[in-house]
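Single-letter residue listing:
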Amino acid sequence: MGTVFSFDVTYGGGLAVPRAVEAAVASLHTADAVFSKYRPDSQLSRLARGGLALAECDPVVAEVLRLCERARERTGGWFSAGYAGGLDPTGLVKGWAVERAARMIADAGAYGVCVNGGGDVQLLGEPEPGRRWRVGVTDPLRRDALATVVEGAGELAVATSGTAERGHHVLDPHTGRPPLGAAVSVTVVTRSLTDADAWATAAFAMGATARRWLEAVPDAEGFAVGGDGETWQTSGFARTSAARTALGIR
Amino acid sequence: MTRKPLRRIMLGTAATVSGIVLLLALKPHSAPAPALAHAAVPASSQPPSSSAPKASGGGSKASGGSKANGGGSKASGGAKANGTPRTSSPQRTQTVTGDTVQTDYGPVQVRVTLVGGRITGVTALQSPSGNPRSEEIASYSIPQLTREAIAAQSAHIDAVSGASYTSAGYSQSLQSALDRAGG
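Just so you know, the sequences run in chain order V and B.
Residue numbers for the first sequence follow the working numbering, so the first one is 1 and each next one is one higher.
Residue numbers for the second sequence follow the working numbering, so the first one is 1 and each next one is one higher.
The shape of chain B in the complex, shown without the other chains (with noise of 0.2 angstroms):
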């Protein structure tokens, strides 16, 4: 059987989870947002073709016609709509911060980084110190978030499994960047 162009689509959700399980980070009905869900299609040479569909779509919109005018600025997202995946993601890269979160322990705040709409790293700009168990949490949400990353990156490696724990903090924060991101 013959395959057409893979497509992909990458989510990180992050949860406040109760205990067991936690979750998301997306919200369901986002959920194939543009910057995590994009079709990394192998396809062919993007830079210069991106202005061709560009034309294209404003083409057909053309000759959908008469009717046009009305919709004049409606043009972008009809272009958008048939000229698949978002030429301009694949290799974007963005930095976005996430919102600061009130803990037990203190604020917490992520920044995340993304290119593609793939994560490629977490770090924190606010963690709670001086306390010896948000230290601790500190210590291994963020490795994990990292870890999560870095697996999603990998050409190697296809996931990784550990013990682990986010605190719901950091999982809010790392869920509100990727909400701005996906925006």
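The following block holds chain V by itself, in its conformation from the complex (with noise of 0.2 angstroms):
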């Protein structure tokens, strides 16, 4: 399997922010080497199987296994990287890995930064002058559609969970089993994709409590689509999201 990462950048000239795009490139790939739970040789892999240890890694390693027990302790146990037995930090090393590689090149000078990963999206600046950013999100229903779309100036994060594209890969972690009551796909929307992505893996898995709990998350808003076509949001994702009938969706 594999992903699709995209990068769309503005920025003044000189070298400084393509060359900081090709060290975010190479930084997904070893964010890639480092993290993969297919590659028996990865760090991670190594360290699940008791042959290397935390100090000797990357310390990148130590750092995302802190931002897993971060996330772990503020959905109060529904993000997990440690579920069935193994070392998992799936849910949340792909945001990371993209915001990282989004802020490299927003710190190199860039005007705006749109890094989409697999369909988990950071975006920093703006896409043109004066211009808010606005991101679609994909109708789960009808792969050719979009749901809503987001619209959001300066950081925005925007991550979605569910099973529109592969299957039931979020389980619930109190039971392994896929989340009862779940929406087909979950978005979330905040400054950080490391947050987005690890709240919306755990709000997927909360099934039908996860509205409830988003709505207390600060800073953040969340949209859900069920499989019958139904839509929730938060109270305040209607801020951040454009009106439908100005963009002829539905």
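Treat the hints as calculated values from the structure; they're not laboratory data.
Yeah, the Cβ is synthetic: ideal placement off N, Cα and C, and Gly gets one too.
Just so you know, nobody snuck in bad clues.
Covered stretches of chain V, as calculated for chain B (at least 3 residues, CB under 8 angstroms): (1) 110–124; (2) 133–140; (3) 148–162.
Now the in silico label distances, taken between C-beta atoms and shown as ranges: (4) V:48 with B:92: 45 to 51 angstroms; (5) V:73 with B:95: 49 to 55 angstroms; (6) V:56 with B:95: 45 to 51 angstroms; (7) B:180 with V:226: 40 to 46 angstroms; (8) B:125 with V:212: 45 to 51 angstroms; (9) V:70 with B:100: 41 to 47 angstroms; (10) B:125 with V:207: 37 to 43 angstroms.
To list a few chain B residues with every Cβ distance to chain V over 12 angstroms, as calculated: (11) 93; (12) 94; (13) 95; (14) 96; (15) 97; (16) 100; (17) 102; (18) 106; (19) 107; (20) 111; (21) 113; (22) 115; (23) 123; (24) 125; (25) 129; (26) 180.
Mind docking these for me? Both chains are given alone in their own frames, and the hints should help you get the complex.
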């Protein structure tokens, strides 16, 4: 399986930004090599087998595990890097890697940075002078359509978790089974993709209680599509989404 | 603060993931490949001026001078270097076919269309059939690649979020097509 990463960067010229894009691309390759649970020789795999000590790993491993622990606490245990007896930071690593890549490019002086890692998006700056970012959210029931559009200025992160395209890949960490009463997809909007990715994973696993939980998370909004096509959103979500009629959606 | 004309880098990177993260398409060294990282400077009249920069490039070369003989063949490289972004690329349309990649389910191959270095469409030339799982993979891989492409070209949507996964085979074929386009 693979994920497509895309970069869209605006800048004023010079070589610093293009170089940062190269470095960001390289950082994603490195993250894959370090964290892949499908590569038996990755540091994560070796750490999980006990063949490598945490202190011997790249420092990013400890950083990511700390972030996983923080996410576990903030989600009341619904985000877990440890279910099924393994070590699996999958629900957060991609968001973390994409956010890190985007910040590398922004720090080099880009005006606008959009990095999309398989549907999880980190945006920084602005796409054009004076314009807000606009991120479409796929309709999981109609793959060529958008369910809504999120708008925001400055730092914006949008992550979606669900069954839409790859089967049940999020399990309830308490039962090890697919969540009950779950939406088909849950989208979380906040400023950091590390958070958005972990919270979307947790919210999806929560099933029916996700909406209430997301309402209580500061500076985050949620949107979900159910199997019957019904949608729900947190009370502040409307502030981040564009008027549907203006978009001609549904 | 006044801004200079914006330049834009767009990279589509596919990866052969291993589960979570996967990636990439462009080899790190070739990141700003010509076709993929073009400067979309809203520049003035490009067609008329396109010959001018070339001429001036040649001019400066000439002054560079006496040395120039040895560098005859290099001249065009020089002109390209100062003639900022490749004037011909912004509206160039390319259709590139990727490698055929063998997967557990059968061969896959994609064709990608780029306009001025931006992906505008991805189609499957070969995809496995006859097996529910392989058809399922085909059913989501191509739409995802196409969505990315459409998002990239839309003036109104900067990106598309959605749960997604692309099979490694499609990503590899796409990568090879992008490599070819950039070369």
